[in-house]
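J.: Sequence:
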Amino acid sequence: SVVHHRSDLFVMMRQALAAVRRNARIQRPRGLPALGEQTRAGDTTTSTRSGLCDERGTWKHLRTHFPSSSSRLFASGSMQTPLFGSMLVERIPVVVPDAPDWEREYQEWSQARRDKFKVKLPDSVVEPKGLEENLPDFEAAPRETEADRLGDRSTIYRKLQEFLFLVVKDKSDKWGFAKLKHEDGETMRQTAERSLKEFAGDSIECWVVGNAPQGHYEESDGTTFYYRGSYIEGDLKLENNYVDHAWVTKEELGEYFDE
2 SVVHHRSDLF VMMRQALAAV RRNARIQRPR GLPALGEQTR AGDTTTSTRS GLCDERGTWK
62 HLRTHFPSSS SRLFASGSMQ TPLFGSMLVE RIPVVVPDAP DWEREYQEWS QARRDKFKVK
122 LPDSVVEPKG LEENLPDFEA APRETEADRL GDRSTIYRKL QEFLFLVVKD KSDKWGFAKL
182 KHEDGETMRQ TAERSLKEFA GDSIECWVVG NAPQGHYEES DGTTFYYRGS YIEGDLKLEN
242 NYVDHAWVTK EELGEYFDE
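Each residue of the sequence shown is one higher than the one before, counting from 2 in the working numbering.
If you're looking for bench data, these hints aren't it; they were derived computationally from the structure. All values reported here derive from a predicted model rather than from experimental measurement. Note that the Cβ used here is the ideal one computed from N, Cα and C, for glycine as well. Don't take every hint at face value.
[Unchecked claim] Mimicking DMTMM-like on lysine to aspartate or glutamate, the simulated pairs with C-alpha atoms at most 20 Å apart in a straight line are:
(1) K198 - D245
(2) K251 - E91
(3) K170 - E147
(4) K182 - E145
(5) K238 - E199
(6) K198 - E240
(7) K175 - E220
(8) K198 - D185
(9) K170 - E240
(10) K175 - E240
[To be verified] Quick list of the computed label-pair ranges, beta carbon to beta carbon:
(11) D259 - E106: 41 to 49 Å
(12) G255 - Q162: 17 to 25 Å
(13) V96 - D259: 29 to 37 Å
Please build the complete structure, drawing on both the sequences and the hints.
T.: Structure (structure tokens):
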């Protein structure tokens, strides 16, 4: 029985190999020999398995002569337009945003419904208040800061309920996000981090969200890749050719860009 089992296994292996070869003949590029056939160039005979295909039957010469689009794009010397990296520094909201009208209405209705079915116990049954409940009530800090009242955009202590984005102005009186040209040997994230140090130095600390850019924008002078950096701490001190800055909301960004 062992002999018959081995014989059946051998037959199945031969059938599987024949199916692979038939499939390779069907899917091979036009003009190329099938897997296992022989090609002759002059007086030299070459096996397709060793010359054109690897051990998995892949047409390896196609990968050599037709590389992927990404490898062609980032190959040395093949880039037609320069690349730039820029860091979008953001300050996340400090307080919870105000609830919309529909949510406040639902909360009021829900509280009224709970009060309707709440059982009120007599004072003789209710436990006496703890000492901490007799302390004076704490007054919550205002959600509107002095910078909001004065319209000061140079501080992060404004618009506490919203995201703020850092824009800078250079000596040419142009506002925007600082950017630097990509250099050989560095990743686009490193270029963006270098652009942050270009105008802020080590005065602020940011956490870069991931290694992939959040987006890119094509202009006449090249393509800029934007990375997102969340502000952690530090007092911003501008360096080099930058003279002013502002922390603005998404709606206010349009005031600082031409387009």
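J.: Determine for every hint whether it applies to the structure shown.
T.: We went through each hint and held it up to the structure:
1. K198 - D245: 15 Å, holds
2. K251 - E91: Holds: K251 and E91 sit about 10 Å apart, inside 20 Å.
3. K170 - E147: 24 Å, violated
4. K182 - E145: The given pair, whose Cα atoms are some 40 Å apart, is violated under the 20 Å limit.
5. K238 - E199: Given that 20 Å is the threshold and the Cα spacing comes to 11 Å, the pair holds.
6. K198 - E240: 9 Å, holds
7. K175 - E220: Holds, at about 16 Å.
8. K198 - D185: This hinted pair holds, its Cα atoms lying about 18 Å apart.
9. K170 - E240: 11 Å, holds
10. K175 - E240: Holds: K175 and E240 sit about 16 Å apart, inside 20 Å.
11. D259 - E106: 41 to 49 Å: Once the Cβ atoms are compared, 42 Å apart, the range 41 to 49 Å for E106 and D259 holds.
12. G255 - Q162: 17 to 25 Å: 20 Å, holds
13. V96 - D259: 29 to 37 Å: Holds - the Cβ-Cβ distance for V96 and D259, about 33 Å, lies within 29 to 37 Å.
When each numbered hint is compared with the structure, violations occur for hints 3 and 4.
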